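> Heads up: the sequence shown begins at 359 in our numbering, then just goes up one per residue.
Treat the hints as calculated values from the structure; they're not laboratory data. Each hint should be verified, as a subset may be incorrect.
When the alpha-carbon atoms are kept at most 30 Å apart in a straight line, the in silico DSS-like pairs for lysine-lysine are as follows [to be verified]:
| hint | residue 1 | residue 2 |
| --- | --- | --- |
| 1 | Lys510 | Lys489 |
| 2 | Lys518 | Lys489 |
| 3 | Lys518 | Lys451 |
Restraint-style ranges between C-beta atoms, simulated for each label pair [unchecked claim]:
| hint | residue 1 | residue 2 | range |
| --- | --- | --- | --- |
| 4 | Leu420 | Leu520 | 19 to 25 Å |
| 5 | Arg428 | His479 | 54 to 60 Å |
| 6 | Arg442 | His524 | 18 to 24 Å |
Model, not experiment: these values are computed from the prediction. Glycine included, C-beta positions come from ideal geometry on N, C-alpha and C.
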Amino acid sequence: MTDFATESAAASNALSLSTDIDLEELRGASILLVDDNLQNLELMQAYLETLPCRIRTASDGLDAVREIERDPPDLVLLDVMMPRMSGFEVCQKIKGNPRTRDIVVIMVTALHEVGDYERAHESGTDDFLTKPVNKLELLIRVKSLLRVRLLKRQLEALRKQLAGDHAGLDDAMEIEED
């Protein structure tokens, strides 16, 4: 097992291998951390402080659902075992809503059974991390999945622009034919 200082140094080195442009493209992205254990929230928040993202927290599943409805984040780090509403239920609500289904969900749990992974997959999670969370693994996955989310958003914007351009060309061709 590695100590915190070694793990932190490895994570910093891994992040510095990427260019500033890579981190810059994440600026403005938002992450919602959901865990009923305050220490876990604080630890993950400390791990993520190297990213130029807005980080919010929720202390249980119901609070998470309210927060997501109020201001949908780009990514949710979601504990599985929580009172009032499990992470599985929260994930199903996120992925079942057309307005929020594209939010990236990473489940974070102490569960290690194959059935837990299957249930997480069935609930719609995009990825799965086991506790204790490794800082380097967390940063790499969050950064990678946020990039995918942002690229999907850019692709959708381009698709809409092309559809508009195509419609404009169709209109112009109809005018010429008249």
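> So which of those numbered hints doesn't the model satisfy?
Violated hints: 2, 4, 5, 6; rest satisfied.
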